Amino acid sequence: MALTKAEMAEKLFEELGLNKREAKELVELFFDEVRAALSGGSQVKLSGFGNFNLRNKKQRPGRNPKTGEEIPISPRRVVTFHPGQKLKARVEAYAGSQQ
Amino acid sequence: MTDTYDDGDKAMTKSELIDTLAQKLNHLTYKDVEFSVKTILEQMAQTLATGGRIEIRGFGSFSLHHRPPRMGRNPKTGEPVPLEGKYVPHFKPGKELRDRVNSNAE
Chain A
160 MALTKAEMAE KLFEELGLNK REAKELVELF FDEVRAALSG GSQVKLSGFG NFNLRNKKQR
220 PGRNPKTGEE IPISPRRVVT FHPGQKLKAR VEAYAGSQQ
Chain B
64 MTDTYDDGDK AMTKSELIDT LAQKLNHLTY KDVEFSVKTI LEQMAQTLAT GGRIEIRGFG
124 SFSLHHRPPR MGRNPKTGEP VPLEGKYVPH FKPGKELRDR VNSNAE
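Listed in order, the protein sequences are those of chains A and B. Just so you know, we're using this note's numbering here: the first sequence kicks off at 160 and counts up by one. Just so you know, we're using this note's numbering here: the second sequence kicks off at 64 and counts up by one.
None of these hints come from the bench; they were simulated from the model. Being a predicted model, the structure only gives us computed values, none of them experimental. Watch out, some of these pointers could steer you wrong.
Said to hold, decoys possible - Rough simulated footprint, nothing fancy, chain B against chain A, three-plus residues with beta-carbon under 8 Å:
| # | region |
| --- | --- |
| 1 | 163-172 |
| 2 | 187-199 |
| 3 | 224-231 |
To be verified - Computed Cβ-Cβ distance ranges for the label pairs, DEER-style:
| # | chain 1 | residue 1 | chain 2 | residue 2 | range |
| --- | --- | --- | --- | --- | --- |
| 4 | A | R180 | B | E105 | 18 to 24 Å |
| 5 | A | H241 | B | N89 | 21 to 27 Å |
| 6 | A | A248 | B | D82 | 38 to 44 Å |
| 7 | A | P224 | B | P138 | 37 to 43 Å |
| 8 | A | S206 | B | P138 | 25 to 31 Å |
| 9 | B | D82 | A | N223 | 45 to 51 Å |
| 10 | B | M134 | A | K225 | 36 to 42 Å |
| 11 | A | E169 | B | P143 | 45 to 51 Å |
| 12 | A | R214 | B | N137 | 28 to 34 Å |
Quick reminder that beta carbons are idealized off the backbone N, C-alpha and C, glycines included.
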């Protein structure tokens with residue numbers, strides 16, 4: 160089962176004693192603010208977790224996979240995530256337990 | 064990397080995010096907001112560190128991608144070194160985030 164905003168709010172309710180409405184509002188606003196920063200052209204750096212960066216992609220040739228017809232992929236801005244050292248190390252440790 | 068976006072190095076840090084949230088949630092104390100942000104990030108990190116996924120509608124999803132074992136090289140000596148397979152965190156932006164980021168890119 161994947162972690163969702165509902166479980167995050169539940170955790171804030173349990174650990175901080177925020178009421179359920181406040182906890183839900185905080186979690187919503189957390190992701191709203193990160194999204195707003197990225198939409199406004201800001202990188203987002205969350206130390207201990209990772210960085211969300213923006214990249215501008217040039218136009219490149221593409222293809223309609225159904226018809227095989229060539230259509231250019233328009234230039235666009237995309238979000239990339241780069242996990243920090245600490246998160247990478249914690250996740251790598253998980254690989255060991257899998258083998 | 065030539066296509067990395069660079070607009071005067073605009074960046075939001077964790078402490079700026081906490082400040083913004085604390086201003087908007089003025090019925091909560093700064094300490095509560097600070098601890099909440101740290102709790103959210105720790106829960107996300109812990110989920111990934113135990114092989115789980117994170118799904119945030121309108122924002123995106125985090126999962127683990129496997130990197131198979133490969134031969135690396137000691138950059139100093141050029142000697143081949145076997146590297147074990149590992150997992151790395153991966154983020155896939157959701158549709159709303161993709162659309163908003165791209166539509167504001169003029």
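Hints, verified against the model:
{"no.": "1", "hint": "163-172", "in the structure": "holds (count 6)"}
{"no.": "2", "hint": "187-199", "in the structure": "holds (count 10)"}
{"no.": "3", "hint": "224-231", "in the structure": "violated (count 0)"}
{"no.": "4", "hint": "R180/A / E105/B: 18 to 24 Å", "in the structure": "holds, 22 Å"}
{"no.": "5", "hint": "H241/A / N89/B: 21 to 27 Å", "in the structure": "violated, 33 Å"}
{"no.": "6", "hint": "A248/A / D82/B: 38 to 44 Å", "in the structure": "violated, 28 Å"}
{"no.": "7", "hint": "P224/A / P138/B: 37 to 43 Å", "in the structure": "holds, 40 Å"}
{"no.": "8", "hint": "S206/A / P138/B: 25 to 31 Å", "in the structure": "holds, 27 Å"}
{"no.": "9", "hint": "D82/B / N223/A: 45 to 51 Å", "in the structure": "holds, 46 Å"}
{"no.": "10", "hint": "M134/B / K225/A: 36 to 42 Å", "in the structure": "holds, 39 Å"}
{"no.": "11", "hint": "E169/A / P143/B: 45 to 51 Å", "in the structure": "holds, 49 Å"}
{"no.": "12", "hint": "R214/A / N137/B: 28 to 34 Å", "in the structure": "holds, 31 Å"}
In summary, the numbered hints that this structure violates are 3, 5, 6.
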